[in-house]
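Whole structure, please, built from the sequences with the hints as guidance.
For the protein sequence lines, the chains are A and B, in the order given.
For the first sequence, our numbering begins at 339 and goes up steadily by one.
For the second sequence, our numbering begins at -15 and goes up steadily by one.
Any given hint could be a false lead.
[To be verified] The calculated lysine to aspartate or glutamate pairs, modelled on DMTMM-like cross-linking and capped at a C-alpha distance of 20 Å, are:
1. B:Lys30 to A:Glu548
2. B:Lys139 to B:Asp82
3. B:Lys139 to B:Asp92
4. B:Lys139 to B:Asp99
5. A:Lys410 to A:Asp496
6. B:Lys30 to A:Glu550
Please keep in mind that the hints were generated in silico from the structure rather than gathered at the bench.
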Amino acid sequence: MSGRIANWGVRHGHACVSTIGHLARHGLASVLTVLAIGVALSLPLALQVLVDNVGGLGGELSDSVGLSVYLKPQVSEAAARQLAATLRARRDVARVTVISAAAGLTLLRQQSGLGAALDALSGNPLPNVLEIHPAATATSPSQLETLRAALAANAGVDTVQLDRDWALRFNAIVALARELLVVSAALLAAGVIAIISNTVRLEIQGRTAEIEVTKLVGGSNAFVRRPFLYAGVAYGAVGALLACAIVTGVRLALAGAVADLAAAYGSHFALQGPGLREVSLLIGSGVVLGWLGALLTAGRQIARLAPQAG
Amino acid sequence: MIRFEHVSKRYPNGRDALADVSFEIGAGEMVFLTGRSGAGKSTVLKLIALLERPSRGQVWVNGQSTAKLSSRRIARFRRGIGIVFQDHRLLQDRPVFDNVALPLMVADVSLRDLDRRVRAALDQVGLLGRERALPPELSVGEQQRVGIARAIVSKPPVLIADEPTGNLDAALAGEVIGLFRRFQEAGVTVLIATHDLARVGSVGCRELTLRDGVVVSAAAGSEEPLPVIVAVR
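Right under this line is the structure:
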């Protein structure tokens, strides 16, 4: 039994080695096929990396947002602080920060560069503002809506702005990108199968004499098919590795520009990945697609090739 | 060992290659199949190797009727038949060793046995030491002998050859026939198709002559004649 298994290993090893030798001998065609597969697989991988990075960014930001409560102009700072104290007692509120009209004006003066224009105003046009961070247990859309309604019901409140709106929109865009990722991955997977299928078909045509002789001396269809399946798997795996290299290269090339953009927003954000999970998933997909593409062609083509007597 | 029972073969283009042919070749016998080109010799060989199936009648090889073999079993069936071609059909880009090893590779032979048996086969045809040569580096006669080594390496009970001496001069042809003779003496059933028996000589073997798809004579050589069924239309 162990002898049979060893034999099996030897035969597969032989098929594997002869496949690699064959691919090496037909260098250019193999390189072009691998290149096409690499480019095709790099697109969904790049999209995956982008979605992962941006999705993480959205999650990080959405944790830190809350509700801004703009009080009516006639509400004094003291009344604002009193309201804040009342709100802090609520169970769905974690933190309340008071930004007084004067503090708001100072901030605006610092950040907007409108100092001269603001000096021209007779008084402070800004209202007192309360920034409310909801409790971690009360961040679902319906709970936030309840909180918003409760805040808006206070007599001194002018408007309540739910700062989460933009985060929800952002998350919706990321979700759309994920859908796009799935669709593009499916389309490109079909493309990779077609590329490998066609390459294997051409290889079978180029090795017709060998296939006929092998069948003449008693080679089964499975035996004849084996090296072509290995070729398909090799194309898929090497193409996937190339895709990982392409995406990593692009990420490194973009690192400077991303760092500049992040700095402009006061963030230390940097692109990550592709990680081990993505890389192994992609190589696994490449292997499966290569095997499928080769099987689709080789099964049919080889069964059709009947040996001819001399 | 090889038995044709009322075998007819009509190709899809309507040509009748064989018409009601019956003959039998016993185990360990060596027989020449003669006749002009187009007489049906190649068709007989193709039916034995299951490259074609008979339109009517039955072909038996190694005690097996070829009619009942599913396409899945054909591969295994062919491993019991060694085939030598006029143009030897070697893989030109593979060394001699790989060419001869092919029938063993497809038949699950272990690597250790494979090496030993390939060398033994090459030794039998006088080419030991040329394992790493590529076929184009060999002479025509040597290439034909590699083809013969490939046909006998798996020790098939039946050896069929289609014009194995067609491309060789008289001396080389005689050598090749001598080789077949040795295999026969070792117990292999040999059927050699040739249009030019006069040149190689029947070396005392039985001769089956085909004309227009019909067996017209079954001349016995100097050996003890075996019964032959001859059907004439």
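Status of the hints after comparison with the structure:
1. Pair hint Lys30 (chain B) plus Glu548 (chain A) holds up; C-alpha atoms about 19 Å apart against a cutoff of 20 Å.
2. With a C-alpha separation of about 17 Å, the suggested pairing of Lys139 (chain B) with Asp82 (chain B) holds against the 20 Å cut-off.
3. Between Lys139 (chain B) and Asp92 (chain B) the alpha-carbon distance is near 14 Å, which keeps this suggested pair within the 20 Å criterion.
4. As the CA atoms of Lys139 (chain B) and Asp99 (chain B) are separated by approximately 15 Å, the hinted pair is consistent with the 20 Å bound.
5. A hinted pair counts as satisfied when its Cα atoms are at most 20 Å apart, and Lys410 (chain A) with Asp496 (chain A) qualifies at roughly 5 Å.
6. Distance check on the hinted pair: Lys30 (chain B) and Glu550 (chain A) sit about 14 Å apart at the alpha-carbon level, within 20 Å; holds.
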